[in-house]
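One letter stands for each residue in the lines below.
2 protein chains.
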Amino acid sequence: MKQMTTRENLLDALVPTAFITMAAMNKIGAEKDLSLTLMRVLGILRDRRPRMAELAQHLGLKKSTMSGLIDRAEQRGLVARAPNAVDERAIDVFMTPAGAALVEELHEQVQQALAPLTDRLNAADQRLLADLLERMLAFPKV
Amino acid sequence: MKQMTTRENLLDALVPTAFITMAAMNKIGAEKDLSLTLMRVLGILRDRRPRMAELAQHLGLKKSTMSGLIDRAEQRGLVARAPNAVDERAIDVFMTPAGAALVEELHEQVQQALAPLTDRLNAADQRLLADLLERMLAFPKV
DNA sequence: TATTGTTATACTCTATAACTATA
DNA sequence: TATAGTTATAGAGTATAACAATA
Numbered sequence: 106m107k108q109m110t111t112r113e114n115l116l117d118a119l120v121p122t123a124f125i126t127m128a129a130m131n132k133i134g135a136e137k138d139l140s141l142t143l144m145r146v147l148g149i150l151r152d153r154r155p156r157m158a159e160l161a162q163h164l165g166l167k168k169s170t171m172s173g174l175i176d177r178a179e180q181r182g183l184v185a186r187a188p189n190a191v192d193e194r195a196i197d198v199f200m201t202p203a204g205a206a207l208v209e210e211l212h213e214q215v216q217q218a219l220a221p222l223t224d225r226l227n228a229a230d231q232r233l234l235a236d237l238l239e240r241m242l243a244f245p246k247v
Numbered sequence: 106m107k108q109m110t111t112r113e114n115l116l117d118a119l120v121p122t123a124f125i126t127m128a129a130m131n132k133i134g135a136e137k138d139l140s141l142t143l144m145r146v147l148g149i150l151r152d153r154r155p156r157m158a159e160l161a162q163h164l165g166l167k168k169s170t171m172s173g174l175i176d177r178a179e180q181r182g183l184v185a186r187a188p189n190a191v192d193e194r195a196i197d198v199f200m201t202p203a204g205a206a207l208v209e210e211l212h213e214q215v216q217q218a219l220a221p222l223t224d225r226l227n228a229a230d231q232r233l234l235a236d237l238l239e240r241m242l243a244f245p246k247v
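For the record, the sequence lines run as chains C and W. For the first sequence, my numbering assigns the number 247 to the last residue and increments by one with no breaks. For the second sequence, my numbering assigns the number 247 to the last residue and increments by one with no breaks.
Be aware that a few hints might be false.
In this list, chains with the same sequence are indistinguishable; a pair is considered to hold if it fits within one copy or across any two.
No more than 30 Å apart at the CA atoms, straight line, and that leaves these computed lysine-lysine pairs for BS3-like [as the list claims (entries may be wrong)]:
no., residue 1, residue 2
1, Lys167, Lys132
2, Lys168, Lys132
3, Lys137, Lys167
No wet-lab data here; the hints were simulated from the structure.
Generate the whole structure from the sequences, applying the supplied hints.
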């Protein structure tokens with residue numbers, strides 16, 4: 106039996122958790138033709154109004170990729186573009202009411218989908234887990 | 106301020122954690138031209154020798170998607186195919202030594218990449234977090 | 001000159017559909 | 001008949017490169 110460090114152990118729990126969480130979101134998104142990336146964008150737009158380049162950098166994508174992604178989301182009425190007030194080169198992106206409604210619906214569905222996992226922990230442990238994760242992330246918005 | 110349930114709070118920590126973990130893995134994989142899906146496949150093949158259809162079902166992908174994915178991985182010498190011993194229709198997939206070496210290298214790099222996050226917790230909290238996650242997953246292999 | 005965003009092009013990942021071979 | 005796997009084809013997501021407009 107190979108000796109594992111504490112950090113290694115944590116990684117071996119974190120990675121499967123991430124894959125399972127993403128798989129659940131991917132499945133729910135697929136029913137509405139939403140990619141994980143677009144769901145992440147919608148999550149960001151819940152409380153921000155970034156410009157294209159900010160969004161691209163935050164997601165680790167190229168500007169050209171953002172253009173295509175936002176094009177498709179805009180055509181579907183989920184997000185909209187508007188010129189930035191101070192920099193005439195820049196374009197702000199924000200959510201439409203339809204997009205906001207969709208995001209809340211997704212949120213609910215993801216919660217339902219992951220309930221079989223999360224509910225293996227009692228309420229106190231759920232709070233403890235949420236607290237540890239938040240401390241680990243030092244909570245930058247995703 | 107909207108009232109949130111314990112489960113909702115947990116979800117709002119879990120989803121960003123998953124996105125950040127996936128982003129780190131995606132970035133590391135990209136340097137070696139490995140998609141998240143292929144990394145997940147390699148992770149599975151560390152200790153299993155599934156047939157094509159099993160792999161597809163486990164990942165939530167179509168058989169045709171698996172064919173392409175395994176084709177490319179096989180051409181790169183990371184995995185190999187062999188006929189199943191008992192069912193002549195079936196094909197088993199397994200890792201090559203090169204694939205196994207790559208997986209260990211990736212594992213190390215992901216650990217390094219996430220260290221800035223995980224090390225915000227002390228060793229005791231890291232153990233506690235790993236334990237909670239493992240209990241939540243009831244540890245099915247991913 | 002550098003930055004913001006878009007367009008054109010190419011490749012990977014994915015699904016659907018049609019097919020062959022075996023159970 | 002049903003299942004295992006492959007091939008052909010098409011669409012979404014991504015990157016690179018070239019471009020226009022503004023800083």
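How the hints compare with the structure:
For the homomeric pair Lys167 and Lys132, the shortest alpha-carbon distances inside one copy (25 Å) and between copies (13 Å) are both at most 30 Å. When the C-alpha separation of Lys168 and Lys132 is checked against a cutoff of 30 Å, the pair qualifies both within a copy, at 27 Å, and between copies, at 17 Å. Proximity of Lys137 to Lys167 under the C-alpha cut-off of 30 Å is found in both arrangements, the shortest distances being 25 Å within a copy and 18 Å between copies.
Checked against the numbered hints listed earlier, the structure breaks none of them; every hint is satisfied.
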